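Chain by chain, the residues run as shown.
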Amino acid sequence: MKKEDLARSFKVWIPRIIAFGAIFIFMAIMEQSFFSTSNFIEIIRSVSVYGVMSCGMLFVVLIGGLDLSMGAMAGLCASIMFVIAQNGANSLSATLLGFVVALAVALAVGWLHGFFITTLKIPFFVVTLATKYILYGAIPLVTAGKYVYVRGGSPIDKIGTSRIFDTIPILVVYFVIIALVTWFILNKTVFGRRIYAIGGNPTAAGFVGIKVFKNTNIAYMLCTTAACIGGVILAANNQQAGTTTGNAYEGMVLMAMIVGGINLAGGQGTVSGVVFGALIIGLIQNLVTFMSWGDYLKLVQGAIILIVVIVSVVTHTRSMRGKGRKGRKLLAKVKAEAQDE
Amino acid sequence: MSKEKNVIKISETDASEPRKTEGELLRCENIDKLFSGVQVLFSADFSMNYGEVHALMGENGAGKSTLIKIVTGVYHKDGGQLFIDGEPVEVDSPIDARALGIAVIYQELSLIPDLTVMENIYLGQELTKGGMRQKKRMRGRTLDLIKKYDLNLNPDAPVEVLSMADRQMVEVLKALSQDAKLVIMDEPTSSLSASEAEHLFKTIEGLKSKGVGIIYVTHRLEEVYRIADRLTVMRNGEVVGTLTKEEINPKTVTTMMIGREIKTERQGRAPRNEEMKLEVSGLSYGDLLKDVNFTAYGGEILGIGGLVGSGRTELVHCIYGIKKPKTGKITLNGKPVSRSVIKNINDGFGLVPEDRRQEGFNPIQTIEKNICIASYDVLAKVLGLVGAKKERIWAETAMEDYDIRPRDRNFFVENMSGGNQQKVVLARWLARKPRVLILDEPTVGVDVGVRAELYRFMRESAAKGSIIIMVSSDLFELVQISDRILVIHDGKFFEEFEGDKATQQSILLASSGEHTEEGVAL
Amino acid sequence: MRIKSQSIRRLVAVGLVLALVVIFAITTPTFFGARNISILLKDSAYLGLVACGMAFPMIGGGIDLSVGGIVCAVGIISVHLSYDFGLSGYAIIFIATLAGAAFGLLNGIIVAKVGLTEFVATLASGFLFLGLGRALVFKDAGGRAVTRAVSSESYLSFGKNPLWENGWYLITFVWIVVAVGLYIVLKKTKFGLYTYAIGSNDKAAKMSGVDTTKIKIIGFIISGACAGLAAFLVTANLTSSPAALGDGYEFKAIAACVVGGIMLGGGKGDTINALLGALFMTIILNGIYKFGLDSTFVYIIQGLIILLATAFDSQFAKFAAKRRLKEQRLSDITPASAS
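Sequences listed follow chains B, V and Z, in order.
Using the numbering used here, the first residue of the first sequence is number 702, and each one after it goes up by one.
Using the numbering used here, the first residue of the second sequence is number 116, and each one after it goes up by one.
Using the numbering used here, the first residue of the third sequence is number 1460, and each one after it goes up by one.
Derived by calculation from the structure, the hints in this document are not laboratory data.
Being a predicted model, the structure only gives us computed values, none of them experimental.
Do not take every clue at face value.
[Claimed, not checked] Cut-off 27 Å, straight-line C-alpha distance, at most; resulting in silico cross-link-like pairs (DSSO-like, lysine-lysine): (1) Z/Lys-1463 - V/Lys-262; (2) B/Lys-822 - Z/Lys-1665; (3) V/Lys-607 - V/Lys-405; (4) Z/Lys-1647 - V/Lys-262.
Make the full structure from the sequences, and use the hints.
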């Protein structure tokens, strides 16, 4: 049994490692300064922020939804925390209070998402698109239209810019913790099992007594929580918060989901996929900055999302019809079993 | 047949043009049909006249729908000949059928709720001029049609505001607008209330008087008495016989439908466990269930029979807690049964739903997760934490006990055969040693080998003292497996049968509201 | 005589617009000034065009999130055509519409042929179009984005100046012509009817012989073409193409459609609803500036409008269904009085 599991994870990870390696080598060839400590730190930073937010998005995508307001949520939460901390003279207690208030706002918005989507039955992309603009518009109200900066040495600064062994950014620690917590919730708790069950077939989930509405609401709240944490660490690392904090991050997060093999229709996807997706997105982001291809970022985003989704949809329908290598294998297995009986 | 003939045309002529209204409309001679080498229709003969309502009856799998699909061009026949107006014809596609004036009214309505009656009637064959729809002309024709068949419809009303019976009339009009002379209705009353059905019968009589021929496929005997001129009964792919109106009576019809009953020896009745009992009293739900009372005991398999649409599924859903009954009391061993599904599951309830694919399992999840999903009260006792090893053992034991194949707990359920998918859904509950296990049509789409296993699992579970309730439309299964059978009719339990006394025929009669010698009237 | 639910919904939209007009007429005396009206109608026109196009995928039961990207890409392409190639405005207006239609065709193929869900397909293609637009932005020697002003007379005649002193702009007329034209398409042609049919019940439409794939693709083409046309007109009015062109247009267009009474889920509404919605959105946004409120309120109010309108519609649909059920029960008891 153990051996089989190992083989399974090999099957998943080998193509991933190859893809990662290919981009890695490509970048090394394109740019000499790629192999510098400062660049690696840069990559780790962006990977960490994307990773934290993607972990939250994973819950929502697993139940068959999407949260387009993540970037704006991140910006708003960071702004709230910064403003409160600043008004409290950057004391530890004010910083903590700021975080708690930001988290409370995030949870409230997450609950609202769930309410509109489940109880009022409004499509999730309309609801989260609307809240995206509301939250984005609320940021200048919180910050009075300015950027909020933190000085070095304040608690927020420590949250964002501390380093382990004086080199590795602390952000990666948050990412690892959040990824582990997400993995734990999804794989070790009943709630995780319910999330997968709802995503795969909500009607059948209802028939085994799963409260679909309640769990959907919780998933959206977990997502906004991750947006809040992601926004705070991003802003703390930049030492500033404002309208551009986290702006349009949902596009990158969505790309990480798709690259990580998370099924947008719900029910299928793993934390390891998200981690891989965030790594690739970090690399691509780095590539784009390096080559000053900023103008092409959206182009690449759209192309990757479309191509990956089209390929996955087409191969899935083919394999369901018993076509293609995977499909033939499945067909053979089912047939062999039928003959056994 | 030339290609041009295949084009469907709304009759360009006036709707009141005289048409042929007498004589033979359709004749099927010696129709054979094979599905991958297995013969499903054996030289079937069928004929009908203009202005006749010809009912077609038979159990599921008797070959009714195959015959209908050959007439409507959905299937190709493997032998025999069709005649329309005495002329031999080939019907190779639904388009051919429509061109020949054959129309089907489907069970699930094919109307667009947001469009008006007139728009629906002409959908797909609008009259246009210069790219614009000619509303006035279409409206005029629709009014003519409505007048001709003496219906009560407003051509400009959106279909969504119409009652189900009116919607069916729109479907019929849609068929007639395409010059249909033969209208096939497949279980048209399954979604209608009693008064709506009466409404439909009046329409059918109107059509008949205008010379339209109607093939009326149904399970309901009382409807056959009410409207049919002739009745053809099918069984196992053969036409058993055709009865005229005078010859139709319940005994004859049911005998023809069931044929010679083979009853294998039963292993004797299981002892009843009186201490475990589920009591339902005064239960009502919507317009469907009026006053349902019964008691189910541990140790026995209680069969619930009745026609499709008689409220059997709604009854078990009410017991399970997924639907809320209007009135009524449900108790298990004297304790009221909760209205919450999860509480009921934890209390020992389980439901194998009717529509396995929609309601039963999660296709994109593994066998293991599908089996364990209902048992986290046992598998995750502390703080909602799941033990992977516990889960694995639970799933592997269940797969072993209930012989689920492939024996790979990580196999996706979507890729399994129908029988094994059903075993997964059943194993989910059996692994919990349920106190009350409800099965709704447990063997639909399950092959014979697996079927026998499912019955054995049910029997074993009952022997351990569980209450087993089985809803089924398969009369053979109902009679063979159940220790006791309750038959629903008109929103109530109509008759009760002891398992060894029940015959398929008596169940069928009771389902149609005819009292029998074998059963006890309730 | 029974009033259709859809008529009630349209009355609500008209009422909303009138209420806004009354509020602003009282608070700002210049509201009914000829200049203010003409600017208001001009500003409604861009959004109105996009919303009228968006109406087709929405009535067909889908959505088009890529219109922002199309506006961005086509806008910059139009300016390039004039600035780099010196094409006349009359040629460019056709090319812009065609380019938009081509983008729409791509959406349609991905949705109807490949089978992606509308929102994933158009969200991703929206990124693609937006990226294309950003990539084509004019740059100076140092690689920084710059704007280039259009100077072609024929180009600017579409948007820069009103047709007469303080009068209406050509844009407004283009909008009204397109809205009425598309209204006729929706109500009078087979294609229009089929659009309602697929939005209302896709399966039944297919059973009645409607080519649902084709209808869906044409819907996206119309949406793209309208966005392309709007993009051209926006640049004609601004005399250039800013890099942020098209940002949030999909969102505004959805807001306009939803407020106007085109329901999410399909089958209900028409371009007149989109027109009303666009007017509502423009008046309220102009009002925000007039009252001197911070421009960030624009975003908040747009978002709130979508949430409130959809919440209203979901409750309204429930109410309408209840009403229907009641009437059906009644007609069931007394069949003679059904019609």
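Of the numbered hints stated previously, which ones are contradicted by the structure, given in increasing order?
none
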